[in-house]
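If you want the building blocks of each chain, they are given just below.
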Amino acid sequence: MGILAFVLGFTLLFFIGHIVLHPNATFETILIRNFGLLAFLLLHVILITGPLARLNNKFLIILYNRRHLGVTMFLMALIHGAFSIMNFHSLGDINPVKSVFLSNLRYDSLIHFPFQVLGFTALVVLALMAVTSHDFWLKNLGPKLWKALHMMVYIAYALILLHVVLGAVQNESSPVFFGSILIGFITVASFHLIAAFREKTVDMPIDGTGADFVKACMVSEIKENRAKIITVSGERVAIFKYDGKLSAVNNFCRHQGGPLGEGKIVDGCITCPWHGYQYLPENGQSPPPFTEKVETYQLKLDGDEVWIDPRPFPEGTAVAPIEIA
Amino acid sequence: MEQSISILIDALGVYMFIGLLFAFWFVTVGVKKLDVGAQGTPWHFKLILVPGSILLWPVLTWKLMAKNHE
Ligand code: HEM
Ligand code: FES
Chain A
11 MGILAFVLGF TLLFFIGHIV LHPNATFETI LIRNFGLLAF LLLHVILITG
61 PLARLNNKFL IILYNRRHLG VTMFLMALIH GAFSIMNFHS LGDINPVKSV
111 FLSNLRYDSL IHFPFQVLGF TALVVLALMA VTSHDFWLKN LGPKLWKALH
161 MMVYIAYALI LLHVVLGAVQ NESSPVFFGS ILIGFITVAS FHLIAAFREK
211 TVDMPIDGTG ADFVKACMVS EIKENRAKII TVSGERVAIF KYDGKLSAVN
261 NFCRHQGGPL GEGKIVDGCI TCPWHGYQYL PENGQSPPPF TEKVETYQLK
311 LDGDEVWIDP RPFPEGTAVA PIEIA
Chain B
3 MEQSISILID ALGVYMFIGL LFAFWFVTVG VKKLDVGAQG TPWHFKLILV
53 PGSILLWPVL TWKLMAKNHE
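Protein chains in written order, with my numbering: chain A, 11 to 335; chain B, 3 to 72.
Derived by calculation from the structure, the hints in this document are not laboratory data. For glycine and all other residues, C-beta sits at the position ideal for the given N, C-alpha and C. Certain hints may be false.
To be verified - Sample of chain B residues at the chain A side, in silico, Cβ under 7 Å:
#	residue
1	ILE7
2	ASP37
3	PRO53
To be verified - Here are the simulated DSSO-like cross-link-like pairs (lysine-lysine), alpha carbons at most 30 Å apart as the crow flies:
#	chain 1	residue 1	chain 2	residue 2
4	A	LYS303	B	LYS48
5	A	LYS303	B	LYS35
6	A	LYS303	B	LYS34
7	B	LYS69	A	LYS303
8	B	LYS65	A	LYS157
9	A	LYS149	B	LYS65
10	B	LYS48	A	LYS149
11	A	LYS149	B	LYS35
12	A	LYS154	B	LYS69
13	B	LYS69	A	LYS149
14	A	LYS157	B	LYS34
15	B	LYS35	A	LYS157
16	B	LYS48	A	LYS154
17	A	LYS149	B	LYS34
18	A	LYS154	B	LYS35
Just chain A, same shape as in the assembly (with noise of 0.2 Å):
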C-alpha cells in the first residue's frame, strides 16, 4: 500500500512540476521520465536496505518487504522501457525492439554509445527478478541458482547506470542532474562498504583450505541459544549454543537466504529471522512436514576453543553436537 502511494505521489508531483517547468514537452515524454526515474529511485532503495538491514535491524521489515519493491520497480522500468519504444521506436518499418539495437550503431563510440540497449539489457535482467521473485522459484530452481540471478541486481544497476548517464550526455541535461546520480552512487556505494567493513570486523574469515580442523571461536563468545557467525573457506557458517551443546550449519536461510546465525533457537530449532524457517540444529533439517535442509558441519572442542572441520556435510546429515564441559 505504501509503495503504491508513493508512485501515485510521485507520478503527480512529477507531472505537475514538468508542466510548470517545460510547458512545451508532451504527454509521453514525461511519463517517459517519470517512470525511469520513478524505477531507478526505488532501485537505490532497494539496493540500500541490504546494507541497512545489516548495520540496524529496525531497517528488517524493508527488507522482508524488498520482493514487492522489486516488483514494483520492474513495473515501472517496463512502462518507461515499453513507452520509449512505442514513441521513438515503432514508427518505421522495422521490428521496434531491431530498432533499439539498429538505430544507432556507434557501439564503438564511448559517448555515442547506444545508451537504449543498455537499458533494454538491465531491463532483461529486472525481468528474470521479478518474474522468479515467487518462493516457488526459490524451491524449484534451487537455492544457489535463484540467488546466483538475484545477484544480478547488481549488473543492473551497473547497466542502468550507464544507460542513465550516457542517456543524460547524449540529451545535454543539466548539471544538478549529473550531481544527483553521482549523489545516489556514493550512497549506495558507501552503505555497502561501511556493511562489509563492520563484518569483517565480526567475523574475520578463516582460511580452512587443505586443513582438517581449523580455530573458530570461543565458546564464551556464544550467548545461550544464539550463534556466532564465521567464514570458513569462503562460506559463512553459524555455530548455536544451546542446552549445553554446540552444533554448526551453513548461515544460508533455504528460504530466502536470511542470516540463520542472526537468530535464535526457538523450541529446539534455529529460527531464521527473517521469516521464521526453522531447522534443527543436529541435521540441519526443518521438521517435519517441511523440507528444507542446509548443510552441517563437525566441530570440535580444545579447552574453551572450538574448531571446525571446513568441509560441509550434504544438506541434512545429522552430526552429534557437541557437548560443553
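With chain A fixed as given, assemble chain B with the ligands onto it according to the hints.
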C-alpha cells in the same frame, strides 16, 4: 554486425514463443510433476508462474528431466 543483431533478436522472439507454448503446458500439467505441492493450488497462483515459465523454460525442462531420472 547489423545482420547478427537482427538474427539474435529474431532468435529471442523464437525463444519467447517456445516459452509461451511451454508455459501453457507447464502451468496446467508440468508443474505438478516438478512440485507436488502445486497440486490443487488456485488458478491465480498458477498465473503468477506464467511469466517465469516463459523466460526460464529451458531451466524448467532441465529440472523436469532430472526429476524423471531419479
Ligand atoms: C527497453 C528498455 C529501455 C529503453 C528503450 C529506455 C529508453 C530511454 C530513453 C529514450 C531515455 C531518454 C528519455 C528522455 O530524456 O526524454 C531514457 C532515460 C532514462 N532511463 Fe531508460 N530505457 C530503458 C530501460 C530503463 C531501465 C530498466 C531503467 C531503470 C530502472 C531506466 C531508467 C532511465 C532513467 C532514470 C532515465 C533518465 C530520465 C530523465 O532523463 O529524466 N531505463 N531511457
Ligand atoms: S529467509 Fe525467509 S525464513 Fe529465512
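Has the given pair, LYS154 (chain A) with LYS35 (chain B), been kept, meaning a C-alpha gap of at most 30 Å?
-> holds (21 Å)
Hey, LYS65 (chain B) versus LYS157 (chain A), does the alpha-carbon distance stay inside 30 Å?
-> holds (17 Å)
Restraint status (C-alpha distance of LYS48 (chain B) to LYS149 (chain A) at most 30 Å) | This hinted pair holds, its Cα atoms lying about 15 Å apart.
Do the alpha carbons of LYS154 (chain A) and LYS69 (chain B) lie within 30 Å of each other, as the hint requires?
-> With Cα atoms ~18 Å apart, LYS154 (chain A) and LYS69 (chain B) stay inside 30 Å; holds.
Using Cβ atoms only, decide whether ASP37 (chain B) comes closer than 7 Å to chain A, and label the hint accordingly.
-> holds (6 Å)
CA of LYS303 (chain A) to CA of LYS48 (chain B), is that 30 Å or under?
-> holds (26 Å)
Decide if the proposed pair is consistent with the structure: LYS303 (chain A) and LYS34 (chain B), CA atoms, cutoff 30 Å inclusive.
-> holds (22 Å)
Between LYS48 (chain B) and LYS154 (chain A), is the straight-line Cα distance small enough, at 30 Å or below?
-> Roughly 24 Å between the alpha carbons, so the hint for LYS48 (chain B) and LYS154 (chain A) holds.
30 Å limit on alpha-carbon distance, applied to hinted pair LYS35 (chain B) and LYS157 (chain A) | holds (24 Å)
Assess, step by step, whether the Cα of LYS149 (chain A) is no farther than 30 Å from the Cα of LYS65 (chain B), and give holds or violated.
-> holds (12 Å)
Within a Cα-Cα threshold of 30 Å, do LYS149 (chain A) and LYS34 (chain B) meet the stated pairing?
-> holds (14 Å)
Should the interface hint for PRO53 (chain B) be scored as holding, given a Cβ-Cβ cut-off of 7 Å against chain A?
-> Nearest chain A Cβ about 4 Å off; hint holds.
Violated hints are absent here; each numbered hint is respected by the structure.
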